[in-house]
Amino acid sequence: MRLHLIAGTVAALAAGSLSMTPQAQAVGCLSGAVAGGVAGHYAGHHAVLGAIGGCAVGHHLAVQAKKKKLEEEQ
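So the sequence shown is residues -26 to -1, 1 to 48, counted in mature numbering (1 follows the signal peptide of the UniProt record, and there is no 0).
In case anyone wonders, no lab produced these hints; they're calculated from the structure. The beta carbon of each residue, even a glycine, is placed where N, CA and C say it ideally should be. Check before you lean on any hint, since a few could be wrong.
[Unchecked claim] Think about it this way: if two alpha-carbon atoms lie no more than 20 Å apart in a straight line, the pair counts; the simulated SDA-like pairs of lysine to any residue are: (1) 40 to 11; (2) 41 to 31; (3) 41 to 3.
[What the hints assert, rightly or not] Cβ pair distances, simulated, as ranges: (4) 46 to 5: 36 to 44 Å; (5) 15 to 45: 19 to 27 Å; (6) 26 to 48: 30 to 38 Å.
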C-alpha cells in the first residue's frame, strides 16, 4: 500500500514538472530535415546524415531571417 502511494506521488510530481518545461524551438528544422533527407538519399543513401545537416542549416537560416525581420521592423 505504501509503495503504491509513493509511486503515485512520484508519477504526479513528474507529470507536473513536465508540463512546466519550456517548449523546444525547432524553427526551420523540420523543413530543412526533409530537404536534407531527400538530398542525402539521392546522394548515396545518406538520408539520415542529410536530415541532420538539413535540420542544422534550416534552423540557422530561419534564425537569420527572424533577426533580419526584427531589424527591419525597428
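Against the structure, the hints come out as follows:
Of the pairs offered as hints, the one joining residue 40 and residue 11 is violated, with about 24 Å between alpha carbons and a cut-off of 20 Å exceeded. For the suggested pair residue 41 and residue 31, the alpha carbons sit about 15 Å apart, so the restraint of at most 20 Å is met. Of the pairs offered as hints, the one joining residue 41 and residue 3 holds, with about 16 Å between alpha carbons and a cut-off of 20 Å not exceeded. At about 22 Å, the CB distance of residue 46 to residue 5 disagrees with the hint of 36 to 44 Å.
At roughly 37 Å, the beta-carbon separation of residue 15 and residue 45 lies outside the given 19 to 27 Å, and the hint is violated. Checked against the hint of 30 to 38 Å, the C-beta distance between residue 26 and residue 48 comes to roughly 34 Å, which is consistent with it.
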